[in-house]
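Novice: Based on the provided sequences and hints, a complete structural model is requested.
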Amino acid sequence: MTSAALALPERTRLQAVSMSLFRYLPLVLLAIGWELTARFVFASSSALPSLSQVAAAWIELVKDGDLITHGASSLYRAGVGLLLAVLIGAALGIFMAWWRPVNIALAPLVEMFYPMPKSALIPVTVIWLGFGDGSKILLIFLGCMLPVTIGAFNGARGTDRALVWSARSMGAGRLRMLWDVVLPSAIPEMLNGIRTALALTFILLVTSELIVARQGFGYLIGYLGNNGSYDAMFAVVLTVAFLGFAADRIYQRLMQRILRWRE
Amino acid sequence: MSGQPQIVIDKVCHTYRPPRGKPVLALDDVSLSVGTREFLALLGPSGCGKSTLLYLIGGFLPIERGTISVESKPVTAPGPDRGIVFQHFALFPWKTVRANIAYGLERQGMPREQREARVQSLIEMVGLRGFEDSFPSQLSGGMKQRAAIARTLAFDPSILLMDEPFGALDAQTRHLMQSELLSIWQRTPKTVIFVTHDVQEAVYLADRVAVMSARPGRIKTIVDTKFDKNDKNIFKTKQFVDQVDAIWDLVRDEAIKAQGGRES
Numbered sequence: 223m224t225s226a227a228l229a230l231p232e233r234t235r236l237q238a239v240s241m242s243l244f245r246y247l248p249l250v251l252l253a254i255g256w257e258l259t260a261r262f263v264f265a266s267s268s269a270l271p272s273l274s275q276v277a278a279a280w281i282e283l284v285k286d287g288d289l290i291t292h293g294a295s296s297l298y299r300a301g302v303g304l305l306l307a308v309l310i311g312a313a314l315g316i317f318m319a320w321w322r323p324v325n326i327a328l329a330p331l332v333e334m335f336y337p338m339p340k341s342a343l344i345p346v347t348v349i350w351l352g353f354g355d356g357s358k359i360l361l362i363f364l365g366c367m368l369p370v371t372i373g374a375f376n377g378a379r380g381t382d383r384a385l386v387w388s389a390r391s392m393g394a395g396r397l398r399m400l401w402d403v404v405l406p407s408a409i410p411e412m413l414n415g416i417r418t419a420l421a422l423t424f425i426l427l428v429t430s431e432l433i434v435a436r437q438g439f440g441y442l443i444g445y446l447g448n449n450g451s452y453d454a455m456f457a458v459v460l461t462v463a464f465l466g467f468a469a470d471r472i473y474q475r476l477m478q479r480i481l482r483w484r485e
Numbered sequence: 028m029s030g031q032p033q034i035v036i037d038k039v040c041h042t043y044r045p046p047r048g049k050p051v052l053a054l055d056d057v058s059l060s061v062g063t064r065e066f067l068a069l070l071g072p073s074g075c076g077k078s079t080l081l082y083l084i085g086g087f088l089p090i091e092r093g094t095i096s097v098e099s100k101p102v103t104a105p106g107p108d109r110g111i112v113f114q115h116f117a118l119f120p121w122k123t124v125r126a127n128i129a130y131g132l133e134r135q136g137m138p139r140e141q142r143e144a145r146v147q148s149l150i151e152m153v154g155l156r157g158f159e160d161s162f163p164s165q166l167s168g169g170m171k172q173r174a175a176i177a178r179t180l181a182f183d184p185s186i187l188l189m190d191e192p193f194g195a196l197d198a199q200t201r202h203l204m205q206s207e208l209l210s211i212w213q214r215t216p217k218t219v220i221f222v223t224h225d226v227q228e229a230v231y232l233a234d235r236v237a238v239m240s241a242r243p244g245r246i247k248t249i250v251d252t253k254f255d256k257n258d259k260n261i262f263k264t265k266q267f268v269d270q271v272d273a274i275w276d277l278v279r280d281e282a283i284k285a286q287g288g289r290e291s
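Note that the protein sequences, when read in sequence, are chains A and B.
Mapping the first sequence onto our numbering, position 85 (from 1) lands on 307, and the numbers just tick up by one.
Mapping the second sequence onto our numbering, position 25 (from 1) lands on 52, and the numbers just tick up by one.
It is possible that part of the hints are untrue.
Said to hold, decoys possible - When the alpha-carbon atoms are kept at most 25 Å apart in a straight line, the in silico SDA-like pairs for lysine to any residue are as follows:
1. B:Lys122 / B:Met170
2. B:Lys122 / A:Trp483
3. B:Lys217 / A:Gly393
4. B:Lys122 / A:Glu485
5. B:Lys122 / A:Ile472
6. B:Lys100 / B:Ser78
7. B:Lys49 / B:Tyr82
8. B:Lys38 / B:Glu65
9. B:Lys122 / A:Asp382
10. B:Lys122 / A:Asn414
11. B:Lys217 / B:Ser148
12. B:Lys122 / A:Glu411
13. B:Lys217 / B:Arg125
14. B:Lys259 / B:Ser206
15. A:Lys285 / A:Ser274
16. B:Lys253 / B:Glu207
17. B:Lys122 / A:Arg379
18. B:Lys122 / A:Leu309
19. B:Lys217 / B:Leu88
20. B:Lys100 / A:Arg396
21. B:Lys49 / A:Arg379
Stated by the list, open to error - For the chain A half of the interface with chain B, some residues (derived, Cβ under 7 Å), not all of them:
22. Ala384
23. Leu385
24. Trp387
25. Ser388
26. Arg390
27. Ser391
28. Met392
29. Gly393
30. Ala394
31. Pro406
32. Trp483
33. Glu485
The hints are simulated quantities; they were obtained by calculation from the structure and are not laboratory data.
Even glycine gets a Cβ: it sits at the ideal position worked out from N, Cα and C.
Specialist: Rendered as structure tokens:
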């Protein structure tokens, strides 16, 4: 585990640097391999631009603002969709765990909808909300909500009875107890659900933008590909990959911080 | 108060219904009264329903048959007049020691300054100074139970329900906690109902020991066990040892029944 390596108590700065170099060595090797393959194997074709060409194209994309405007639009959709999924998904999961009528009404829907590939909804969301932000936000919301709901549900169901009773005996009403005891008890599993949702967000975002959109990373990838600007297309693909990686790392840090009460 | 004891349990039955399998009669026709500031131990073999009786008094489980009243009012829900301490502490693991102890006071709406002062004095009382900002996971078992007791004492319930509170502690810590509980109880007298299966603990702590039968739980006998609790050598006195032996004889039969009676 990488986190175990990070947790070593005593290490010098030099060791830390060499450790992280070592950890990312496969990436460095991949980059070198890519550069060499592109230069010597695919030299005559444009199907695989070299990494240096991609880097140059990336700088161009940033300079003329394309990457920024399309990126901003994508991040806005992802952010709003995921936020809605977390808020509504968590509330749904907790109410399903603690209120039987809600469970009876919703459990079959959740079970049926959960395994469905959410990309199948892309045409539906477009029919409902058009080509713009709305359809992407709805798709991300629908696709990301259930992992959060299920995490929150399982976590809330595992709430220690003694904690509930303690809060009640100290004067917490039912709703207050839900907020003070059941929600925090559900958080560890819910955070795992949100991590799954985070990964799904990027998948659904780019897929839907590739298929029907006039803006966003996915649209940009498709547009550049159709125009034969493969170096720029790769630049966008790598940007999305990096953002997904960075989002997950930041999220893991955040999780550690939220769960610091668990030793 | 009028002549009525503080807690009156009248002909209470309770059936435990597991999600799968047959219903089990856990308590059968239990009647018991507990006076104000009395320390009563509920003693019995495991599975005899002594904890269930405690939860019924706490208002955590619905009372199906019979009645339980506290200060002449029937129990229908949990309330801050009845504080509870659990065997496994039941501290909020995401709250620090300080925040745990403050919780009941927050629910009562005590102003911040007053609350902080009260929390601090309780932390001093249970000897947790320096651990105010620790999370429960960072504390030893004994410290967790001190924090849990402080949390319950904080909102000053007139009745303290204790569910095998020292059962998860090692022998030395348990002994220490017993005498600390006694000294706290002598300083801030409360009615205590203390569930245990440890005969010596029951005799040492309680004014009266209610011995319960194996399932279905009934009150078998109630024994007066008033001793001079401040006597350091109490455990060696003949009076104490005889009392423990006598009660142990009563419990042993039930423990054997509880062991063998499972299949029938």
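Novice: It remains to establish, for every hint, whether it holds in the given structure.
Specialist: Taking the hints in turn, this is what the structure says about them:
1. Of the pairs offered as hints, the one joining Lys122 of chain B and Met170 of chain B holds, with about 15 Å between alpha carbons and a cut-off of 25 Å not exceeded.
2. In summary, the hint linking Lys122 of chain B to Trp483 of chain A is supported, as the alpha carbons are separated by about 8 Å, within the 25 Å threshold.
3. Distance check on the hinted pair: Lys217 of chain B and Gly393 of chain A sit about 19 Å apart at the alpha-carbon level, within 25 Å; holds.
4. Taken as a hint, the Lys122 of chain B and Glu485 of chain A pair is honoured in the structure, with Cα atoms around 13 Å apart against an allowance of 25 Å.
5. This hinted pair checks out: Lys122 of chain B and Ile472 of chain A have alpha carbons roughly 24 Å apart, not beyond 25 Å.
6. Proximity of Lys100 of chain B to Ser78 of chain B is assessed by CA-CA distance (about 22 Å); at most 25 Å being required, the pair is judged to hold.
7. With a CA separation close to 21 Å, the supplied pair Lys49 of chain B and Tyr82 of chain B stays within the 25 Å bound.
8. With a C-alpha separation of about 21 Å, the suggested pair Lys38 of chain B and Glu65 of chain B falls inside the 25 Å cut-off, and the hint holds.
9. Between the alpha carbons of Lys122 of chain B and Asp382 of chain A the distance comes to roughly 15 Å, so the proposed pair stays at or under 25 Å and holds.
10. Simply put, Lys122 of chain B and Asn414 of chain A have alpha-carbon atoms about 21 Å apart, close enough for the 25 Å limit, and the pair holds.
11. Distance hint between Lys217 of chain B and Ser148 of chain B is fulfilled; the C-alpha atoms sit about 18 Å from each other, no more than 25 Å.
12. For the given pair, Lys122 of chain B sits about 18 Å from Glu411 of chain A by alpha-carbon distance, which is consistent with the 25 Å threshold.
13. Restraint check: the Cα-Cα separation between Lys217 of chain B and Arg125 of chain B comes to about 23 Å, which is no more than 25 Å; the hinted pair holds.
14. For a cut-off of 25 Å, the pair hint linking Lys259 of chain B to Ser206 of chain B stands: about 10 Å separates their Cα positions.
15. Of the supplied pair hints, the one linking Lys285 of chain A and Ser274 of chain A holds, its CA atoms being roughly 17 Å apart against a limit of 25 Å.
16. With a C-alpha separation of about 18 Å, the suggested pair Lys253 of chain B and Glu207 of chain B falls inside the 25 Å cut-off, and the hint holds.
17. A threshold of 25 Å between alpha carbons decides the hint, and for Lys122 of chain B with Arg379 of chain A the separation of about 20 Å falls inside it, so the pair holds.
18. Taking the CA atoms of Lys122 of chain B and Leu309 of chain A, the gap is near 23 Å; set against the 25 Å cutoff, the hint holds.
19. For a cut-off of 25 Å, the pair hint linking Lys217 of chain B to Leu88 of chain B stands: about 23 Å separates their Cα positions.
20. Restraint check for Lys100 of chain B and Arg396 of chain A: satisfied, since their Cα atoms lie roughly 22 Å apart, inside the 25 Å limit.
21. A hinted pair counts as satisfied when its Cα atoms are at most 25 Å apart, and Lys49 of chain B with Arg379 of chain A qualifies at roughly 23 Å.
22. With its C-beta approaching chain B no nearer than about 4 Å, Ala384 of chain A sits inside the 7 Å limit, and its interface hint holds.
23. At about 5 Å, the closest approach between the beta carbon of Leu385 of chain A and any beta carbon in chain B falls short of 7 Å, and the interface hint on this residue holds.
24. Taking 7 Å as the C-beta cut-off, the interface hint given for Trp387 of chain A holds, the closest approach to chain B being about 5 Å.
25. Hint status for Ser388 of chain A: holds, given a least beta-carbon distance of 5 Å to chain B, under 7 Å.
26. Interface restraint check: Arg390 of chain A against chain B, minimum CB-CB distance 4 Å, threshold 7 Å, status holds.
27. Interface hint status for Ser391 of chain A: upheld, as the beta-carbon distance to the closest one in chain B is roughly 4 Å, under 7 Å.
28. Against a cut-off of 7 Å between C-beta atoms, the interface hint on Met392 of chain A holds, since the closest Cβ of chain B lies about 4 Å away.
29. Interface hint at Gly393 of chain A: satisfied, since its Cβ lies 4 Å from the closest Cβ of chain B, which is below the 7 Å cut-off.
30. The restraint placing Ala394 of chain A at the interface with chain B holds, with a minimum CB-CB distance near 6 Å, inside the 7 Å limit.
31. Checking Pro406 of chain A against chain B: minimum C-beta separation of about 5 Å stays under 7 Å; hint holds.
32. Because the closest C-beta pair between Trp483 of chain A and chain B is about 4 Å apart, less than 7 Å, the hint holds.
33. About 4 Å separates the beta-carbon of Glu485 of chain A from the nearest beta-carbon of chain B, less than 7 Å, and the hint is met.
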